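> Chains A and B, in that order, are what the protein sequence lines are.
Quick note: the first sequence, position 220, residue 220 per the numbering used here, numbers continuous.
Quick note: the second sequence, position 11, residue 11 per the numbering used here, numbers continuous.
Careful: at least some of the hints might be erroneous.
[Said to hold, decoys possible] Simulated crosslink set (SDA-like; lysine to any residue; CA at most 25 Å straight-line):
#, chain 1, residue 1, chain 2, residue 2
1, A, Lys267, A, Glu192
2, A, Lys210, B, Lys98
3, B, Lys352, B, Ile3
4, B, Lys210, A, Gly99
5, A, Lys352, A, Thr116
6, A, Lys211, B, Arg149
7, B, Lys75, B, Lys264
8, B, Lys293, B, Tyr312
9, B, Lys208, A, Gly40
10, B, Lys293, B, Ser172
11, B, Lys210, A, Gly251
12, A, Lys277, A, Gly251
13, B, Lys208, A, Gly251
14, A, Lys4, B, Ser55
15, B, Lys277, A, Glu181
16, A, Lys8, B, Pro144
17, A, Lys211, B, Asp38
18, A, Lys98, B, Ala233
19, A, Lys293, A, Asp326
20, B, Lys98, A, Val148
21, A, Lys175, A, Lys210
22, B, Lys342, B, Ile327
23, A, Lys208, B, Thr153
24, B, Lys208, A, Asp38
25, A, Lys210, B, Gly99
26, B, Lys210, A, Gly147
27, B, Lys272, B, Asp321
28, A, Lys8, B, Ser53
Honestly, the hints are just simulated from the structure, not real lab data.
As the structure is a prediction and not an experimental result, all values here were calculated from the model.
2 protein chains.
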Amino acid sequence: MEIKITEKELKGTRPDDSSLGFGTIFTDHMFNMDYSPDKGWHNPRIEPFQNLSMSPATMTLHYGQSIFEGLKAYKNTNGEIQLFRARDNFIRFNRSAKGLCIPELDIDDAMEALKTLLRLEKDWIPETPGTSLYIRPTIIATDPFLGVRASHTYRFFIILSPVGAYYSGGFSPVKIWISKEHVRAVRGGVGEYKTAGNYAASLYASEKAKKEGYAQVLWLDGVELKYIEEVGAMNIFFVINDELATPSLNGSILPGITRDSVIKLGKKWGMKVSERKIAMDEVIEASKNGSLKEVFGSGTAAVISPVGEIRYGDEKIQIGDGKAGDIAVKFNSAITDIQYGKAEDSENWIEKV
Amino acid sequence: MEIKITEKELKGTRPDDSSLGFGTIFTDHMFNMDYSPDKGWHNPRIEPFQNLSMSPATMTLHYGQSIFEGLKAYKNTNGEIQLFRARDNFIRFNRSAKGLCIPELDIDDAMEALKTLLRLEKDWIPETPGTSLYIRPTIIATDPFLGVRASHTYRFFIILSPVGAYYSGGFSPVKIWISKEHVRAVRGGVGEYKTAGNYAASLYASEKAKKEGYAQVLWLDGVELKYIEEVGAMNIFFVINDELATPSLNGSILPGITRDSVIKLGKKWGMKVSERKIAMDEVIEASKNGSLKEVFGSGTAAVISPVGEIRYGDEKIQIGDGKAGDIAVKFNSAITDIQYGKAEDSENWIEKV
Ligand SMILES: Cc1ncc(COP(=O)(O)O)c(C=O)c1O
Ligand SMILES: Cc1ncc(COP(=O)(O)O)c(C=O)c1O
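So that you can see chain A by itself, here it is in the shape it has in the complex (with noise of 0.2 Å):
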């Protein structure tokens, strides 16, 4: 694959790392690449990044169809940049697109896209602990056309964001809510791809849980209303007794690396890690009867977030002191260690650019 690459005459700078947010502040360029059935994928290009200009016709608009990855660059201590399973994301992106009728990529040409990019963007690699790039790929359909069917051409972008530490204020626990009427997914649905219906069938109970002063949503699954799901955007974790249970990929989660890597690293430790259905009776019990240790959840942007309490319907659920429990932090370390090459990467999941 042939990058043709346009630099932007006048580059940016980087903030200052202790400014950093999430989300709103984007590198000098972007990625894009075009989807047509006569030529497939094709013109990868790295340009300033600038506003797409398309129809309000432009079909993703109306009926929804893109998706999108989340993952992230760290500078290791050698000022070298890191990905974290970078390869596994374009996996899952690919799934996704199956899953939405979008044409699936290259992934070596994705993964050549990305590093590219990340090349050319390395001055924007934040470099205090904590802190990285965050990388969003994306693909929309892109025909200007009213009418429900899957779209005949597509975008595909790959827009950078530094991001500050997750945890400036320590590492210290969330509350979250569950729903006891809102579902965000089915199985027989799309909740196990990354694509932005989800999101937004989730705003609306996610409202709900912040004005309760709640960080985010503990979804139940959509038919019994009985099972645990997972948490906004991150997977969900619980320690009963000496057992690391998580809900068992059932295709209405999404399937986080983060998740998949809490599970490689607890079978290798040793650990008693189980997939399985987790009924929120069995939650309640187990912090009842004293069996409940931890939970916590894992994602990209928060690596390992430990939890303090869920609400549901009118109980709190205490978890732990107020502090972050240990089996949570020892993951967070691990992980955390491994992404910024502090720790060897004896899992092979780091790929340097």
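Position chain B with the ligands relative to chain A; hints supplied.
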């Protein structure tokens, strides 16, 4: 509301009525209005139809926070412009807005915006029987931000597309296909709102149906995969003996304006109309024992769409004798006669522009 009008200099011309398809040709102008937390909905304007310029980080592209409506303007036999239940479309638009955390519109303002636009574009409304001007009001989330939350800013636009007669080949029955595994929506989700993601979620099964030679998917409920919900872009009616039955609005079905019109007319005509749960098993049984007289869909695009075959797994349920049923024909004539001003508007459904 003061609408600023900027007219296009070189006006386009409407293609010949006989060459009109659906959703590909747009008129010279569009209505635009913006929302921000400090100004509310502001800057209502009619401008030349033009591309939107938006950041690749625009929230609607990533999180699908967008809603739309679909309705039509008709020319009556005196050349006047008629809207059919347009206010009900904007009421539904506001319900979708609420469900997707989008700020609601003032319905009088929205109606005025639409009428002002239609007056300017009156020459774009085709006149041949069966043709009309399709109207697509849309709201998209416009914050350039990566992170899941409701957007703070929005764009509301209305675009217009002249469309051909739906039944150019005669009022003939379509074949529909039931998905035994794919689910479009579930109670507690966003199925009852006209939001982008619902349509993305329908693509995979729709493509499957098309490959098998079926026009659209008939969806079953997401909980039990047992009860009938609706068809791709239509609600559905069954005539079982002397009962006209349609699935009740259970939260996962779009409350169709055409559906409501059929129910109201049916009741007025003294028919036994029920909104209730309809199990697929009941339909199979009714087909076997001869009590299934007719099946038809209802929606803005086709008004009434007679169904000639339902495919359910290996079973093919034939309905009628290959021709549209009497009841379907009666509803189609009654509603289109009102829309085109050929019959008295006894229900007060018409608003002249
Ligand atoms: C719905 C959802 N679940 C889980 C995750 C966690 O996945 P990952 O670990 O790959 O970031 C994310 C975020 O990426 C998500 O959006
Ligand atoms: C999912 C869905 N159901 C039903 C309908 C029919 O609704 P209406 O009669 O208001 O056009 C539509 C189309 O508008 C639709 O998109």
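> Could you tell me which of the hints above the structure violates, numbers in ascending order?
none
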